[in-house]
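Student: Numbering (the numbering used here), first residue to last: 1 to 277.
Worth flagging that the hints you see were computed from the coordinates, not collected in a lab. Even glycine gets a Cβ: it sits at the ideal position worked out from N, Cα and C. Accuracy of the hints is not assured; some may be wrong.
[Claimed, not checked] Straight-line Cα separation of at most 27 Å, BS3-like style, residue types lysine-lysine; simulated pairs: (1) Lys177 to Lys188; (2) Lys157 to Lys113; (3) Lys192 to Lys177; (4) Lys72 to Lys48; (5) Lys188 to Lys162; (6) Lys111 to Lys145; (7) Lys179 to Lys168; (8) Lys153 to Lys133; (9) Lys113 to Lys144; (10) Lys153 to Lys110; (11) Lys145 to Lys113; (12) Lys111 to Lys157; (13) Lys73 to Lys26; (14) Lys166 to Lys177; (15) Lys179 to Lys194.
[Claimed, not checked] Per label pair, the in silico range of CB-to-CB distance: (16) Pro55 to Lys120: 28 to 36 Å; (17) Asn154 to Arg29: 18 to 26 Å; (18) Asp41 to Asp75: 14 to 22 Å; (19) Ala137 to Asp160: 32 to 40 Å; (20) Lys120 to Asp41: 30 to 38 Å; (21) Lys194 to Lys162: 46 to 54 Å; (22) Gln183 to Glu148: 31 to 39 Å.
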Amino acid sequence: MWYRHILSLGLLTLLAWTAHAQEERKYIREGNKYYKEQNYDMAADAYKKAREKNPVSAAARFNEADVLYNQKKFDEAASGFQSLAQESGLNPSERAQCFHNAGNALMQQKKWKESIQAYKQALLSNPNDPDTKYNLAYAQAMLKKEQEQQQQKNDNKDQDNKQDQKDKQDQDKQDQKDKQDQQNQQDKQDQKDKQDKDGQKNDKDKKDPQQGDQDGKENQKDKENQQKAQQGQGKEGKISKADAQRILDALQKDENALQKEKQKNQKARVVVIDKDW
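Put together the whole structure using the sequences plus the hints.
Tutor: Laid out in structure tokens, this is it:
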């Protein structure tokens, strides 16, 4: 087993043979009895009474811390053992026991570094204690394992971050490629639509060769008819000089007759003026 509890029965030798000492010893023995029966509440109460008789009782303080350990109050137990280990009245063996049990309480909390320091302090007072050596090696192994696990966790986290970054870069590249492919496809479709539209326009503009010949013939015929009509109008409107002179003479003769008739009408006009005589 990697931890060891030490009962404080050996510490009873520190008690002086006085009346208070006798009462203190009685409560300590009573507490030890309850402790062996695993009645830790009654044991703690007995050790408390012993300390009331002697506030600096090393035996009562040690055993009380041991009760806290068995009640799984490891933080309070470690504090009790470490506090007692600083007392100057302890011999090396007693000090080693305090540090050893403090190391156990710290190791129960997986405080590997603190427990290692406690075991080293215990070995300074009792270098040959095999249990302390074993517990020290165990705590060191657990610390190393924890550090390796933490390092592995950090490495995995870094690897995950790198993988996430790579996945993101790959996704960005794929998105860019898809976007470019889509654009290329759209450009091809637009080009095809334009070519189809241009082809339809060219087909519309083109004429059937036979229809073109027929239209050309009709246009040529219309042009010839127009020229003939213009030539006919020219011939009908042209007169000789003699005919023109006769027409002018006739017009002059008519004009002279018209003037004479006009003068005649003017002479025959009578103006009548009525007077009031």
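Student: Please list, smallest to largest, the hint numbers that this structure does not respect.
Tutor: 5, 8, 17 and 22
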